[in-house]
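> Take a look at the letters that make up each chain.
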Amino acid sequence: MSTLIEIFNLIALVAIILIPFLKVKGNGIIALTTIGIQVAIASIIAYSVLSGNPIDYSYTGSFITGAIPIRVDYLSAWFIIIISFTFLTGAIYGIQYMKKYSDQKANLALHAISYILAFTMLIDICMVQNSLLFLVAWEIMALASFILIIFEHNKKETLRAGINFLIQSHVCILFLTIGSMWAKIQTGTFDFNGITQFTSTSPALIGIGLFTFFFFGFAIKSGFVPFHTWLPLAHPAAPAHISGVMSGVIIKIGIYGILRMILLIETNFVTIGYLILITSVITGVYGVMLAIIQHNLKKLLAYHSIENIGIIGIGIGLGCLGIGYHNHLLILLGFGGALLHTLNHSLFKSLLFYSAGNVYQHAHTVNIESLGGLIKKMPHTAVLFLVGSLAICGLPPFNGFVSEFLIYLGMFKSLNGVDFSFTALMLFAILGLVLIGGLAMICFTKAFSIVFLGTPRHINIEKVEEDKKTTVYPLYTIVGLILAIGILPTLFIRVISLPVGQFSISTNPASVEAFDSVIKTSSLIGVYSAVFIAFVAIMYFLRRFFTRNKPALLSTTWGCGFTGSAVKMQYTASSYIRTYRKIIEPFLRVRKFKSEAVGIFPAPVHHETHPYDKVEHILIDKPIGILRRILSRFTFLQSGNVQAYILYGFIFITLIILIPEIYQKILVLIKFLNHL
Amino acid sequence: MVSLILIIATSLFFTGIIIRTKSIASGRKGPGIFQPMKDIVKLFKKGSVYSRTTSIIFQIAPSFYFASILMAILCVPLGNYLGVISFQGDFILFAYLLAFGKFFMIISALDTGSSFEGMGASRESLFSMLAEPAFFILMGSFALLTGQTSFHGIFSTLHYGSHISYMLGILATFVFVIIAMIENSRMPIDDPKTHLELTMIHEVMILDNSGFDLGLILHATNLKFAMYGAIISNFFIGDLSLMYTIPIFFVVQISFAIAVGIFESFMARFRMSHNPQFIFILTSVSLLIFFGVLLLLERFAK
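These protein sequences, in sequence, are chains V and R.
Under our numbering, the first residue of the first sequence carries the number 1, and numbering increases by one thereafter.
Under our numbering, the first residue of the second sequence carries the number 677, and numbering increases by one thereafter.
Since the hints were derived computationally from the structure, they do not count as laboratory data.
It is possible that part of the hints are untrue.
Cut-off 27 Å, straight-line C-alpha distance, at most; resulting in silico cross-link-like pairs (DSSO-like, lysine-lysine) [unchecked claim]:
(1) R:Lys722 with V:Lys550
(2) V:Lys99 with V:Lys469
(3) V:Lys184 with V:Lys23
(4) V:Lys550 with R:Lys698
(5) V:Lys100 with V:Lys463
(6) R:Lys718 with R:Lys698
(7) V:Lys100 with V:Lys468
(8) V:Lys550 with R:Lys714
(9) V:Lys592 with V:Lys155
(10) R:Lys714 with R:Lys698
(11) V:Lys550 with V:Lys376
(12) R:Lys721 with V:Lys550
Covered stretches of chain V, as calculated for chain R (at least 3 residues, CB under 8 Å) [claimed, not checked]:
(13) 396-408
(14) 525-531
(15) 549-562
(16) 579-586
We treat Cβ as the ideally placed atom computed from N, Cα and C, and that holds for glycine.
Only chain V is shown next, with the shape it has when bound in the complex (with noise of 0.2 Å):
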C-alpha cells in the first residue's frame, strides 16, 4: 500500500510538471486522465481499509519533521472516497464548462494544476498524522483553491472574494498552528499521536482548551457561524465546477478535521458536545436564514452549505455527547448521521452547483430575479436541480431524509436524558433541525420555481439549448447515487458503521444491539422510500390512463380578467419571500434604497434592497474599520521611498540583536540594585 500512495503523489507531480508544456486541449486531457488515475488508487486505498486493512506505516523523516506516519483508517477511508468522487464529476464537469475560456491558456493551465494540486493534497491531508506535514499539506490545499477560486481574475469582485478567502484561510492556519505548537511543546513529538499522549494525561480542561483551538480553526474552513463569512464571497465567484468541489469536499476537510480531534483528543466530551451542538443549530438555522434572502443563486446555494454544515455539526455534537454518557446509540446515530449527510451534502450540492453552472452557461446570469422559464428550454438541468433540491430539503424518498432522520432519531432517542439540561439541549436541537428543514423548503421551492417555472423575467431564453452529452448525462450518476442512498441506506450505513466504531467500542453488546435497531430502521426506511416511489408512479400512470380520452384545451393563466401580457406581474423571488423576510428582519441588516413618485408625470422610480449579513458587519466589518482607523496614523512610514524602507529594515535587525543584550544589562542592573 505504500508504493501505491507514493504513486499517488507522484503521478500529481508529473502532471504538474507536463501541465505547462502543453496546449490547451492537452491540458484538459491531461488533468483528466490525472484525476481518474488517482482517483482509481484512491479508491483502491480506501476499498482495502474499509475491508479490514488499516495501512499503519511511517516515514523516517528529516531533524526538523521527525518521524512522519502514514495511518488511513475507516474515517479517512470514508473521507478519501467521498473527496474522490465529487473531484472526479467536478473534473468531468470542468472540462466542458471550461470550453469557453480556451483562449486563456496560461490561466487555464494553472487552474488544472491547482486542480490535481487541491485533490492531492486533500488526499494527503486525510492520511498523513504529522502535525508538521499536515500543516504544510492544509497550507498548499488552501493556496492552490485560492487560485481555484480566482480564475476570472480580471473581475474586481472575484479578486475580492479570492483575497477574503485567503485571509480567513490563513487565520484557521493560525488556530491550527497553535493547536499543533501547543501539542508538539508539550510532548516533543509532531506524530498525532502526541495528542492523544498529552490530553491523557492532563486535565480535562487542557484537552478542551487544545480542542476549542482545532475546532476554531477546523470550523474556518467548514463554514460554522460566525465564521462562515468568507464562503457566500467565494462560492459566487469561482466557477461553477469549482464551487461544486469546494463545497462538496473542501469545507468537508474542516469536519475531517473535527472528528479526527475527537478520535485523538481525550477529555470530558459532554462539555464539547454542548459546544459543538450549540454552535451547529445556531450555524444552520442561520446560515438557511440568510439563503431564503439571498438572490444570486450560487450565493443562495453557498449559504446552504453553511446550513449543512450545521446539520453535519448536529450529528457530531450528538455523538460527543453519546461518547460523554456512554450512550451507544446516540454514538452510532450522531455520528453515522454526520458522516452519511456528509457524503450527501457532498453530492446534491456538487448537483446543484453544477445545474446551476448549466444556468449561468446558457443564461448568462445567476441572478435569480432576471430567469425564468427555464425549465422549457433546459428540462434535463431542471429535473436534476429539482432533485437536488427535494434531496437537500431532506425529503423522501432521497438520500436527504435518510441522514436527516438518523439525527432526529438520536434526538428523539436521547430526549429522556440524564439530566434536565441535557432534555432542554435535545429540544432546542429538535426545534433546530425542524425550522431548518421548513425554512430549507422556502428556499428551494423560490429557487427552483423562480428560476425554471413561469415566464422569462429579464433574459432571451429563445435560443437556449441544452448540450446533452456533456452538461447533463454526467450529472445523472449523481441522481443515481443520490437515489441509491435513499433507497439502499442499509448498504452505506453498514460502511458508515466502521468509522464510527472508531469513536466506541464496536464489540460491546450495547453497540452492537444498537447497531442491528439502526439497520433493522433504516433497512425500512428505504423499503419505504421505493414503496412510495412506486406509489408515485402507479398515481402518474393512473392519472394518465384516466385522462387519456378526455380533452385537453390550452389556454392563459387565470388573471382575474386581465388578459394582457402578465410577464411582469409574476410573483418573483422578492415578492415570494417578502412576509418572510418582514418576519426576520430583526436578525438582518437590509440596506433599502428607495425613491418616491412625485408629480404628475413622475420619472422612473428604483427600488432595490440588499440584504446583508448581520454577523459579518459585527464580526468582520467593525474590528476592521476600528483596525483601519487606527492603522491609518502610521501611513506616514509608507513614504514610498526606498531608503525610508532600508532605514526601516536595518531598524527592526539592530533591535533584534540588541533586545537580547538589553535585557540582559536590565537583569545585571537589577542584580545590582538587589544587591543594594
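Following the hints, position chain R against chain V.
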C-alpha cells in the same frame, strides 16, 4: 390496515358534514353529506384546461401530492392496531411525506406564472413552515412521556393518570386541531369560501387546476382531514379492542367535523398579517405540553 380503511371511509363524508353543519348554522337545509364526493367524481370525468405558461411540473404535481398523502395515511395507526407503515420514528417520515406533497403543490402554483398563485404559494410555504415545529415538539413530548418513538408505540402506551395528563391530552388535541386547520387551509387561517383571490391561500394556489387534477387535489384535502381526525382520535383510544375503537373513531371524526363547521360559521378569518403570530402560538402551546410532561416525569427536580 384498519386505520387505512377507516380513514378512507371517513374522507368520503368528512367535508360533507362540515358543509352541512355550516348550512344548518346559517339556517339553510344544505346539501347531503356525500355532495362534495359527488362533485369530485364529476370532476374526475371532466376534461381539463391547461395554461400555456405551465410545464410538466403542473401536470405531475397533483398526482404526487395525492400519492404523498396516501403514503402518509399508511403511517397512522388505530390504537393498538398498527398502521401499514410502523417503525421507530415513523412520525418523522409522516411529516416529511406531507412536506414532499406540499413542495410539489407550491412549485406547481408558481409554475402558472400568476401573481395570485405565487401569493398563495408564498403564504402556504411560510405557514406550514411555522406550524411544523409544533408537530415535532408535540411528538417529542409524547415520546418523552411514553418512552416510545413511533406513532403506534406512543398511542398504545398513552395512559391518562393524573390531572396534568388530562390537561396534556386536551392541549394536544387543541394543537392537532389547529394544525389540521392550517394544513387544510380552513378558518381561522384561511377561508375556503372567500371570493377574493387576494385573501385566499390554498384555494388561490389551485386556481388553474381543473378536471381530474382538481378532483385529486380536493379529495387529497378530504383525506388529510380524515387523517388528522384519525390522529386526534388516537389520543382517546389507547389499547382498547376493535369493538370500542371503531365507534370511538367515528364519534371523534364526526364531532371534529361538526366542530370545524360550527367554528367556521361563527368566526371570521384572521388578518393575513396576524397569521404568523397565531401559528407560532401553537409552538408555545406545544412547549407548554413538553414542560407539562417534564413535570409529570419529575425531571425538574434532578
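> So, for every hint listed, does it hold in this structure?
Against the structure, the hints:
With a C-alpha separation of about 7 Å, the suggested pair lysine 722 of chain R and lysine 550 of chain V falls inside the 27 Å cut-off, and the hint holds. The suggested pairing of lysine 99 of chain V with lysine 469 of chain V holds, with an alpha-carbon distance near 14 Å, which does not exceed 27 Å. As the CA atoms of lysine 184 of chain V and lysine 23 of chain V are separated by approximately 46 Å, the hinted pair breaks the 27 Å bound. For the given pair, lysine 550 of chain V sits about 35 Å from lysine 698 of chain R by alpha-carbon distance, which is inconsistent with the 27 Å threshold.
Simply put, lysine 100 of chain V and lysine 463 of chain V have alpha-carbon atoms about 17 Å apart, close enough for the 27 Å limit, and the pair holds. In summary, the hint linking lysine 718 of chain R to lysine 698 of chain R is supported, as the alpha carbons are separated by about 23 Å, within the 27 Å threshold. Annotation: proposed proximity of lysine 100 of chain V to lysine 468 of chain V holds, straight-line Cα distance about 17 Å (limit 27 Å). Of the pairs offered as hints, the one joining lysine 550 of chain V and lysine 714 of chain R holds, with about 19 Å between alpha carbons and a cut-off of 27 Å not exceeded.
At roughly 26 Å between alpha-carbon atoms, lysine 592 of chain V and lysine 155 of chain V fall within 27 Å of each other, so this suggested pair holds. For a cut-off of 27 Å, the pair hint linking lysine 714 of chain R to lysine 698 of chain R stands: about 19 Å separates their Cα positions. A C-alpha spacing of about 24 Å is found between lysine 550 of chain V and lysine 376 of chain V, which places the hinted pair at or below 27 Å, so the restraint holds. This hinted pair checks out: lysine 721 of chain R and lysine 550 of chain V have alpha carbons roughly 8 Å apart, not beyond 27 Å.
Only when three residues or more bring their CB closer than 8 Å to a CB of chain R does the claim for the segment 396-408 of chain V stand; here the count is 4, and the claim holds. For the segment 525-531 of chain V, the proposed coverage by chain R is satisfied: 3 residues have a C-beta within less than 8 Å of a C-beta in that chain, meeting the threshold of three. Counting residues of the segment 549-562 of chain V whose CB lies closer than 8 Å to any CB of chain R gives 11, which reaches the minimum of 3, so the coverage claim holds. Counting residues of the segment 579-586 of chain V whose CB lies closer than 8 Å to any CB of chain R gives 3, which reaches the minimum of 3, so the coverage claim holds.
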